[in-house]
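**Q** Residue numbers (my numbering), protein chains in the order written: chain A, 5 to 451; chain B, 5 to 451; chain C, 5 to 451; chain D, 5 to 451.
These are computed hints drawn from the structure, not numbers from a lab.
Just to be clear, a hint being listed does not mean it is correct.
No copy labels: a pair is met if it fits in one copy or bridges any two.
To be verified - Calculated cross-link-like contacts (lysine to any residue; reagent style SDA-like; alpha-carbon spacing at most 20 angstroms):
{"hint": "1", "residue 1": "LYS435", "residue 2": "ALA43"}
{"hint": "2", "residue 1": "LYS270", "residue 2": "ASN199"}
{"hint": "3", "residue 1": "LYS435", "residue 2": "ARG190"}
{"hint": "4", "residue 1": "LYS204", "residue 2": "ALA25"}
{"hint": "5", "residue 1": "LYS449", "residue 2": "HIS144"}
{"hint": "6", "residue 1": "LYS334", "residue 2": "ASP242"}
{"hint": "7", "residue 1": "LYS6", "residue 2": "GLU175"}
{"hint": "8", "residue 1": "LYS152", "residue 2": "GLN95"}
{"hint": "9", "residue 1": "LYS92", "residue 2": "LYS270"}
Protein chains: 4
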Amino acid sequence: MKWINRLIDSVATRGRELLHAEDPSRFDMAYSLQEDCTALLNQRGDAVALAIAQQILDRYVRLSTEEKLSFFQYLARDLSPDYEALGKHAQAMDAEPDARTYRRLLASLRQGRWTLFELLNIPGVGTQALVRMREDLLDHLQENPELKAVDLDLQTILEAWFNRGFLEFREINWHTPADVLEKLIRYEAVHEIQNWQDLKRRLASDRACFAFFHPALPDEPLIFVQVGYTDAVSTAIDPFLDQDQPEVDADQANTAIFYSISNCQKGLRGISFGNFLIKQVVQHIQQNHPHITQFSTLSPIPGLSRALNSEKLDETRLEQLAGNQLGELKERYQVSSLRDLLQHKADKLSVDHAPTVLFIEKLGLAYLTEVKRESEPYDPVARFHLSNGASIFRINAFANCRPYGLKSSYGLMVNYLYDLSRVEQNHEQFKRNGTIDVHRAMRKKLG
Amino acid sequence: MKWINRLIDSVATRGRELLHAEDPSRFDMAYSLQEDCTALLNQRGDAVALAIAQQILDRYVRLSTEEKLSFFQYLARDLSPDYEALGKHAQAMDAEPDARTYRRLLASLRQGRWTLFELLNIPGVGTQALVRMREDLLDHLQENPELKAVDLDLQTILEAWFNRGFLEFREINWHTPADVLEKLIRYEAVHEIQNWQDLKRRLASDRACFAFFHPALPDEPLIFVQVGYTDAVSTAIDPFLDQDQPEVDADQANTAIFYSISNCQKGLRGISFGNFLIKQVVQHIQQNHPHITQFSTLSPIPGLSRALNSEKLDETRLEQLAGNQLGELKERYQVSSLRDLLQHKADKLSVDHAPTVLFIEKLGLAYLTEVKRESEPYDPVARFHLSNGASIFRINAFANCRPYGLKSSYGLMVNYLYDLSRVEQNHEQFKRNGTIDVHRAMRKKLG
Amino acid sequence: MKWINRLIDSVATRGRELLHAEDPSRFDMAYSLQEDCTALLNQRGDAVALAIAQQILDRYVRLSTEEKLSFFQYLARDLSPDYEALGKHAQAMDAEPDARTYRRLLASLRQGRWTLFELLNIPGVGTQALVRMREDLLDHLQENPELKAVDLDLQTILEAWFNRGFLEFREINWHTPADVLEKLIRYEAVHEIQNWQDLKRRLASDRACFAFFHPALPDEPLIFVQVGYTDAVSTAIDPFLDQDQPEVDADQANTAIFYSISNCQKGLRGISFGNFLIKQVVQHIQQNHPHITQFSTLSPIPGLSRALNSEKLDETRLEQLAGNQLGELKERYQVSSLRDLLQHKADKLSVDHAPTVLFIEKLGLAYLTEVKRESEPYDPVARFHLSNGASIFRINAFANCRPYGLKSSYGLMVNYLYDLSRVEQNHEQFKRNGTIDVHRAMRKKLG
Amino acid sequence: MKWINRLIDSVATRGRELLHAEDPSRFDMAYSLQEDCTALLNQRGDAVALAIAQQILDRYVRLSTEEKLSFFQYLARDLSPDYEALGKHAQAMDAEPDARTYRRLLASLRQGRWTLFELLNIPGVGTQALVRMREDLLDHLQENPELKAVDLDLQTILEAWFNRGFLEFREINWHTPADVLEKLIRYEAVHEIQNWQDLKRRLASDRACFAFFHPALPDEPLIFVQVGYTDAVSTAIDPFLDQDQPEVDADQANTAIFYSISNCQKGLRGISFGNFLIKQVVQHIQQNHPHITQFSTLSPIPGLSRALNSEKLDETRLEQLAGNQLGELKERYQVSSLRDLLQHKADKLSVDHAPTVLFIEKLGLAYLTEVKRESEPYDPVARFHLSNGASIFRINAFANCRPYGLKSSYGLMVNYLYDLSRVEQNHEQFKRNGTIDVHRAMRKKLG
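Chain A with its partners taken away, still in its complex shape (with noise of 0.2 angstroms):
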């Protein structure tokens, strides 16, 4: 156990016996999570504090989903800012800027939830709690919009407190311990690991695997991205998940492929690791194998069925796309519509034929770089690469054949390309101009 978790604990203690001194049903159900929350932030005692805290903390874990909806719903509407006092601040700073009421203003601010999740924050557990706190948070903001400046606020703090500046960056290999292991069997989102035997496999010679780490959460990854070395830029997944494929010799690869990026704490959404962590695995790699000198992702598109059902490709663009071959596609197939082939026949569609791929093919960059939502790609995955600086290096047309990949994206699968050389400045010009690098010859051929 880390010191300051003891000391905590034994702060929190005497706290404890302070309060129970003064009023034996204190830890009884006599008190409320509310009147729990309301006695802490009056509270001026540190360990009277950590004691109530601690409390504040081990009820909420044990809320039902509904209980929790309410705990929620009097953060939004009991502990918000008292925006009348904040207001009336403003106008005093905008008259007449004087350092007290600055303080006034900053506190009325902070006076309620927000002061609240500070206090909960205890060393050694607090953050964690919060991250969970958040992840049921989440669930309820659909349904609940007024519980989003409560998410808000949630999440502004997490970014102080997850501010990269506190990463640690390590290499998971067949050496790192069990526990932390089986958290990437549990949290790997994009290509399920089957059992201990698939994860030493992925784990092995010509593979390697990164994640970031952070002091609050021990043990606990934040993100994890796993690489393969290979010596061609990949057009298909199944070399990556095959358990039995032979170990390939690193030493003559040329080229890292991250073939799954998962991020492991949902209450952590919205604090961005990705970027930060494919740039110094890119480091990482050149550094300790100089002879690698290619960095590509083979990616999902995950979004591509859905924005075909929601009709964000209209019949027409498919047309256009299907070009000449058009009607040969369309009898191949026995379809009236190419929406009625994607959207029922998906799983029949030919491999060796060349205008079905190319049809694909040339479906899946129009839905990446023209879909749009407020003017970046719709597609999260590549507004995730193409923000960074990657750019499009190729469409792989059937290269998930497993249902999911079928079933998500017809089998497509995509190469972003990290190029260092090029990677900030994309990285501007999609910041500024929106503008997507796609690599010529893919330009050319699916022109």
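Using the hints provided, position chains B, C and D relative to the given structure of chain A.
**A** Below, chains B, C and D without anything else, positioned relative to chain A:
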């Protein structure tokens, strides 16, 4: 070099190249520090932002004192929150809460220097740079009260980063790296460390030293405390400062004396680590040296002569403290008033004269318990320990007769006792009612 | 890769280049393993010696079993000490001691395989290679007694290197690197670990596992012991092996049961770590779990059925053990002799039949205390624990009724008690007089 | 305290209790050190053996120099191998090899002091104690040659334990623990370190220091080398010793100068770490500072004046070295012989007088390459570097004009160059033929 520093450096380098490609004069003096700040706040790309942030920090350290003052005034004036918008959004939230408005409200608060400080917090160097910046800023507050709002922002931000959950607790001994030890010599603020030999004596087997560190300031102690193991609560400082003092057998000791506590980072003023450090040290010693059962400080009374000179204790009160011995004291020291005695003849006080000893010990106690500032003790050291929950165990006349001891407090020193079974209760009482716990024997003696 | 491995590799590479320049066929099969050994023993330069030593180790591992035998015979025959010179120098020293002669004497002893082994002990890989070599060698000793002298040399050398001062003591838990855990599965010799789930249960909060490691064999445990925390000295193995056994609260336990001890490196046979490990584990648990006050094994009796089959306990003695119940036992199990019963119907023994229980427990005790080999117990596990100073606390019938438990010891298991206040005295008594400490209650019951 | 020290202590304590129970006078002076040695060699139990071994070590350190000599004589006389038995077993093995006889042969060799040394090697303290014991022993060898056999045994044993596979390589800098740095000050043998300030300068950014450590001697360096980064092969020592020398930019350097190498443990004499250390340092610097491409020492010639005084270079040879300038030199310095000049007026040598410079540089080269001891250079530093495979790059007159430099070598210093592409070949040549590699320019100049 840590991985993150290397990564940041390489990204910033690419950012600088991009900037240079856009505008080759970018890094000349063509641009002012203020233009850099504006550019940083308007920047969307990461690499370029990093490059400009590094540039700002580099320029800042080369500023003269006057230029720094100008910079702070710019932060206060031009980079303050948008109070007008803040007031408007606060009123809107008061009328009808809404997440989008709340987001704008927060944005109007943070748009200026707050965001600038966050962007300057470059992993690896930024935190330290901002701590030093605040150190500079504090020097100007007295004469430029308009800068207090800037200081408030900076303190609030540093408070979040220097959250105690991140603190590292380390024992300092002769096995500690020399660069850290050298800083102890530099930062010791109570009883100057003369040289390496002096330091070595203070780290011998009958002493101990403990410090807090923070990951963002590697090898920079934040605060440290020096401890001596003894067999009674010490009444004088000399045995701790004498380099030739023979080592006592720590296994025979029953008492730990905290004879010096020094804060190291002026730029973290107002962010308190001392309470936490003392409690941790007590707990650490209890666990590792179970025969140590008493914990006390041997502390200076730094504000005593200052208080007397500013007449916070008037002559009447001094005469009252002298009680029946008033005449004898005046005659013995040939003074017309006791204030005269203390102000001009403190070095003449006679250690063997019981009424003198009693008088100045009474003076010490009266000062500590009666002279207040906003309901708390006027003396900063007393305020610190009593607020932590310590009690006044004993006042010791002629405890530090070195020049600086005579000058500040007529040779008096105090033992503040840390009795873990009472410390939290004392702390609560002190915080709620201002109650000061004075040891019974002391009350009786100095009654 | 450790610094030393890199350094050795680069020196050896230069050595290989030098050799190749002298004789381009040097690394073909032109040279035999024996020629390499001769070359190594005659070599004066470091780099070349390293290159040849690496070459020898590389060739060795590719040998067939027969070729290895030939190699060992070569070591025994051609690389033995120069006994003639040794005898001559010994006589000279006996007559007139002289340092130069003594140097020659030692040289004549070490000139052959001894020096070869030292030269093969290349930092980083050599020690492990020699441990494996001895593993191979041990397989041939029975049929090739002339190899015993080689084994003696190798054991003597390994004993010096595996000096207990170098041992690393580590707690093994679910936070241990997966590659080490995988080796536990491989090396567990008493109660097979079925899979990762089984292993995880054995590392849960009511269990513990401890191992010794050595710097020359990174990530290879030398020996490990599995511990379970209980509230009484256990009488049966099932609770420790059942994966679905609910976890008990270790804080309520008062007893630590050592239920499995496995040596991992066959090539270190005869170099004992077990005694030291058990004492260290006892001390470690006492310090970290002061409520644990009893330490006992739950051990197999591996030699019991073997001893019976080789008639080390004759029928008369068996009948004596059955005592008054002899007739009843023969009749109940329909056997003409008790040996028949044990040899053919051990799985029919009736757990509810008190005389049966008593008979086989008496059998166990008689076997442990009476059947000897060179004045020490015949049973290897008993020899180990009793020599360590443990006492026989209890014999448990029907304690391991799994097939391997019935086969080797008719289901019997023993609790050897480690009482630190008696263990050294027992050890001395056992070493001096062969005295075995049997717990009084046991003596009385099985009297 | 390391786990093993704690364990050993507790076992030894129980051993002492057992001994005390047997014989309460056991730890008085009733027993002699020799009786303790006999008891230890006859002991079978571990705990008692440990207690006696600790007792022996404790007694040993309190012996006077004469008592230590007596003890060593006892080891030489009474605890020597049983040569008679050894001779007998050797003859038996010669006639008919047999494992049992071989075991007895080894036993007769090891039965006395060899076994004693092994038993005294108590983990944690024994190794260090034996290193110190050998340090004492070495002082007596010259006058007591019969002790050389004891030394041979001790050296052989220490050689096995100080196997280079166990060495730890550490960079020493200002971040190194103070207790280690303090030892550098103590052990520096070539150019004395004046104080902490001097040490700090030697660890500044244009310098480096590297050392080997061993796990059995924690925080005790075995050997260390001091390095300076320069832009040319240095010709004089002053820049390295002057505390006020401005720091040069290490990134601009191309040369690493090894300007001081010190062995720290006299008790490990004859066990060589220097060759290995230098190679490792070269490799380490190459990897971390790729712009450093030249590696050279700046070394003293410690045996030069000694050799001259013992006439290893006769007057004729000196005159030959002076060549045509003989007359001029004699006249200038008003001496009748060149030996006179060097022996009595070395401090008068004129740095600006080219013939003087040439003469003493020729003298240096002649001494290094011509004066031999058993076919290797007479000069110990030359023997060391040339045997490592270095070449003589340059001889520098007036390179160390401090008193100790003038006294030992008339101010001369040598650059031994470590060119990794030639070093192993040079080493081989030197070992086989005694060939010394002298740089062509040097040969030509001094030819």
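**Q** Check LYS270 against ASN199 for me: Cα-Cα at most 20 angstroms, and say if that holds within a copy, between copies, both or neither.
**A** For LYS270 and ASN199, the Cα distance exceeds 20 angstroms both inside one copy (23 angstroms) and across copies (31 angstroms).
**Q** Between the shortest in-copy and the shortest cross-copy C-alpha distance, which are at most 20 angstroms for LYS449 and HIS144: within, between, both, or neither?
**A** Neither. Shortest intra-copy (46 angstroms) and inter-copy (65 angstroms) distances fail the 20 angstroms Cα cut-off.
**Q** Please work out whether the CA atoms of LYS6 and GLU175 approach to 20 angstroms or closer within one copy, between two copies, in both situations, or in neither?
**A** Classified as between; 15 angstroms across copies, 23 angstroms inside a copy.
**Q** With identical chains treated as interchangeable, where does the CA-CA distance between LYS435 and ALA43 reach 20 angstroms or less: within a copy, between copies, both, or neither?
**A** between (46 angstroms within a copy, 15 angstroms between copies)
**Q** Between copies, within a copy, both or neither: which fits LYS435 and ARG190 at Cα up to 20 angstroms?
**A** For LYS435 and ARG190, neither the intra-copy (34 angstroms) nor the inter-copy (47 angstroms) Cα distance is at most 20 angstroms.
**Q** How would you label the pair LYS152, GLN95 (within, between, both, or neither) given a Cα cut-off of 20 angstroms?
**A** between (26 angstroms within a copy, 18 angstroms between copies)
**Q** State whether the alpha carbon distance between LYS92 and LYS270 is at most 20 angstroms within one copy, between copies, both, or neither.
**A** neither (37 angstroms within a copy, 34 angstroms between copies)
**Q** When no copy is named, should LYS204 and ALA25 be tagged within, between, both, or neither for a Cα gap of at most 20 angstroms?
**A** neither (55 angstroms within a copy, 43 angstroms between copies)
**Q** At 20 angstroms max between alpha carbons, let me know whether LYS334 reaches ASP242 within a copy, between copies, both or neither.
**A** neither (29 angstroms within a copy, 67 angstroms between copies)
Violated hints, in rising order: 2, 3, 4, 5, 6, 9; the structure is consistent with all others.
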